[in-house]
Amino acid sequence: MAGINDYKIIGKKSKKYFDLLATELDFDYSSLDEKQIERLGFYLFIIEHLSNYSDILDIADLVTDTDFNSLLYNEKFDDCGIDAIIVDEEEHNIQLFNFKYRNKFNIGKQSLNETILSSKFINAIINEDLSQLDGKTKKGAAEIVEKLNSNDEWKISLFVVSNEDIEITSKDYHLEQMEKVYGLEVILVGLEQISQFVSLRPTPVNAELIVDNDAIMSFSESSISSSKSYIIRLPLSEIIRITCADRDLRMNYGIEVLEPLTKVNIDYSVLFDNVRGLVVKSKYNKNISFSLKNDPTKFFMYNNGLTLTANDIKAEPINANKKIRLTINSLQVLNGGQSLRTIHQFNSEDPKHLEDYLSKSEVLVRIFKTSKDSDLNNKIAEYTNSQNSISNVDLKSLRSEQLQIEQFLDDHNIIYSRKTGDIGLDLTKKYLHKISMERFGQILMSFRGKPERATNQKKFIFDKYYDELFLSEAFNLESCPEMIINYFLVKKEYEKLKASITSSEQKVFYVLYMSTVINKSILDIITLLDQIIESYTPSSGKILSEARKLIQLNFKTYLDEQILPTLNA
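Heads up: the sequence shown begins at 1 in the numbering used here, then just goes up one per residue.
Because the hints were derived from the structure by calculation, they are not lab data.
A hint or two may mislead.
Listed below are the simulated SDA-like cross-link pairs for lysine to any residue, each with C-alpha atoms no more than 20 Å apart in a straight line [to be verified]:
1) LYS16 <-> LEU71
2) LYS35 <-> ALA22
3) LYS450 <-> LEU564
Here the structure is a predicted model, which means the values were calculated and not measured.
Given only the sequences and the hints, what does the whole structure look like? Please build it.
Right, dumping it as structure tokens:
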């Protein structure tokens, strides 16, 4: 169960997020009290973990909270109980957020009795009348209405998020209307869930277990190697025991009465090196629970199993060589983290689940001895996860060259966010910028002369273009800080011009590219780009939006024709 220390860590991380945003905006927050800073940063922290957004300025644009926008952007409008709106075009997901940040830690679940969403917002969506809405709230509502009226299938969810454990004892009429009409799913995210993605570098997790001889197979790289790894078949009750937060139970391999295991929680330290963060309400989690209840003895066949690493594994034959005792030091789960979370969740739902289902279900477990070879750990995580639906960005985040970039940029006071929630290698350092791996890949692509690929082929940057971008001789580690600084300079220039020129990431990437071939100020390049966009007409003669023009290869060719002659002028 999450406690006061988790509450405090969340507060510190939230404060760090706000500091990162304030630095980007040159915002002086010395007059704000600590809890206000934490509350505003909490929005950014949570959105990064529960959405596909990772860059701090992009996340800030999604926040609709009245106080947040009034304070940081001097924009005043009623948020109608909606603190953030996200419309994910790729996943066809609409995410609404309502945040409840508490200034004091409370033990146990707290009931939410207040209205979650205002009737004004819900009525605007249902009646498609947005005349009573303003600002970002109105813009987000208009987008929601458009998507819900389209022929495409859209999922809409309301995340009620708090830094304490919460429950809804009753729902108001208007919220129930949204559930009935649009299939709105209300998802509660409290302190217990949030604590799953705030772990700091953990203390080592050790465990002991006993397996039958016919349930274990050893492997070594060569016949003379004394370092062995193992493939074993384990009951899920044992999986729960060796990954639980109770150290005594982890070492008690001879446990006969299972009742103590019905009350344990997962030790999230074992997931520190896992490439995938928490996934709330995943359909795969539901499938795992369904398999456990309906076919526990066949779970072994349905599940891909777990991949573990350890600094050391000791195997000792016992009981006249009929069994093997394994002592595992510094255990980490590199693959199967979602399965592990779901298994523990299933165990906590009902004390009978352990005896009735989990003790009858088995899973394949691979345990590799990697000592302290972090590069080997990273490769195991990458290759074993590559068969699953995990993004190429997450898989590549463990590569040695990405770790090198992270360290080099950290030395230049830039956070290179390889994983969701990264806020720097040194929590005490004042950082200038935070950039995600994915966004840096787009920046790199733009500086290499392919700004059109940075958006319309974004998914290939960490796939077929990866070696070309990061491993070729053209890659220069020392130029990375300057590229990132230039990116943020362009963003700031667009912010100054927002009253007269519309901004987009596509435009930013083109400006970065143009800066490599013409010697002009950022302002002049931005102005020139807008002129070229305006004058461009596709061969089809169709009228296209700016966004559609920018992703066309023909537009890039046209732009080059306009700017390259200026080099000889």
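Here's how the hints hold up against the structure:
Of the supplied pair hints, the one linking LYS16 and LEU71 holds, its CA atoms being roughly 18 Å apart against a limit of 20 Å. Only pairs whose Cα atoms come within 20 Å are accepted, and LYS35 paired with ALA22 is accepted, the gap being roughly 16 Å. For a cut-off of 20 Å, the pair hint linking LYS450 to LEU564 stands: about 15 Å separates their Cα positions.
Checked against the numbered hints listed earlier, the structure breaks none of them; every hint is satisfied.
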